[in-house]
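Chemist: In case you want the letters, here they are:
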Amino acid sequence: MSTDPVVEMLSPVPEAVTDRIGLVQYEEEGGFPVEHGYIWTTCAAVENGNPLFWDDDVAAELTDGPIAPPTMLSVWFRPHHWSPGRTEPAVPLQAHFDLKDDLDLPEAIISSNTNTFHDPVRIGDRVRSRQILRSISEPKTTRLGQGRFWTIDVEYLNQNDALLGVESYTAFGYRRPGSDGVNR
Amino acid sequence: MTRLIHGDVAVGDILPELGIEVTATTVVLGALASRDWRPMHHDRDFAINRNGTQDIFLNTPNQAAWFERYLTDWTGATGRLGRMAFRMNTPVFPGDHMVFTATVTGTGVDDAGCGWIDLDVALMVSDVAATTCATRLALPLDDDDNPWARRGDAWRP
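Respectively, the protein sequence lines represent chains A and B.
So the mapping is simple: this note's numbering equals the position in the first sequence, first residue as 1, plus 15.
So the mapping is simple: this note's numbering equals the position in the second sequence, first residue as 1, plus 1.
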């Protein structure tokens, strides 16, 4: 048993949460097909002059047509900030926000992230994602506060069920020092 | 057009550095380009008073885009990313001068005949590794090879 009085304030992980480990959750399709405009905006934001993304002849020669930068994988499923009829803000990586709520840890940061890239993402693709909770740690104390680490995989597929990539996120959900330590 | 060949790379090779002055525009443009609307990447008041950080800071997907740009500046368009493992140690804020560095840690050819390079890449701020990125990328073995042409079992990132 921990002797850290603040860590002791963290509730045990509910069984309903541990039961989600390994299950596919939130399988959903991106809100729009992969488009060239976002690719150019992203390349401009980091001054990426790779001709693969700017020169159709190079794209035709190397990749049989235009593709998106591999690191844009997560861009295609991030929800709009607002859409008609929605009353609550949509958030990407919902499994992550579920854990913040379920574990009563109001703050969180992504501490590490591994991306594996498979088939290229092409203009017009409809990218589908699904989230899988992989693990939740015991209580930990860091310079940010007290909380838990968790790991979530996001798998991305296209309209032909081809695997485009996997993003594995490790996050630290925490309570800031001095904040109300009583779980609600 | 740059076209780095697998045989031109050796373990211990050091890539040329890339230095960038980070501004609020760098952070906000990067967040919006990656469709990340969370306020800590554009709202200074939220970042300071809610997140407890000194300012807004670069988001993870945008940092990934910076790493990709840095690496493909070196490889040319035929370089194909296979895997990137990030560790975010400290946030990157407006006013920081970030410097990208990289060292080749491994080279090899897999059973499918694909040429791979492993690198330790870092985003440095004031000589501190704010983010590190262990990267595995494919390079052509010769002038006729194209890693982008690999599909299915021929691509093992």
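Don't take each hint at face value.
If the Cβ cut is set under 8 Å, some of the chain A residues that face chain B in the computed set are [unchecked claim]: (1) Pro66; (2) Glu122; (3) Ser150; (4) Ser152; (5) Glu153; (6) Pro154; (7) Thr156.
What the hints contain is simulated information worked out from the structure, not anything from laboratory work.
Note that CB positions come from ideal geometry on N, CA and C, so glycine has one too.
Chemist: Taking the hints in turn, state whether each one holds.
Modeler: Results for each hint:
Because the beta carbon of A:Pro66 sits about 5 Å from the nearest beta carbon in chain B, less than 8 Å, this interface hint is met. Checking A:Glu122 against chain B: minimum C-beta separation of about 7 Å stays under 8 Å; hint holds. A distance limit of 8 Å between C-beta atoms decides the matter here; for A:Ser150 the minimum to chain B is near 16 Å, and the interface restraint is violated. Taking 8 Å as the C-beta cut-off, the interface hint given for A:Ser152 is violated, the closest approach to chain B being about 16 Å.
The beta carbon of A:Glu153 is not positioned within 8 Å of any beta carbon in chain B (closest approach about 20 Å), and the interface hint is therefore violated. The beta carbon of A:Pro154 comes no nearer than 20 Å to any beta carbon in chain B, farther than 8 Å, and the hint placing it at the interface is violated. Among the interface hints, the one on A:Thr156 is violated; its C-beta lies about 16 Å from the nearest C-beta in chain B, farther than the 8 Å criterion.
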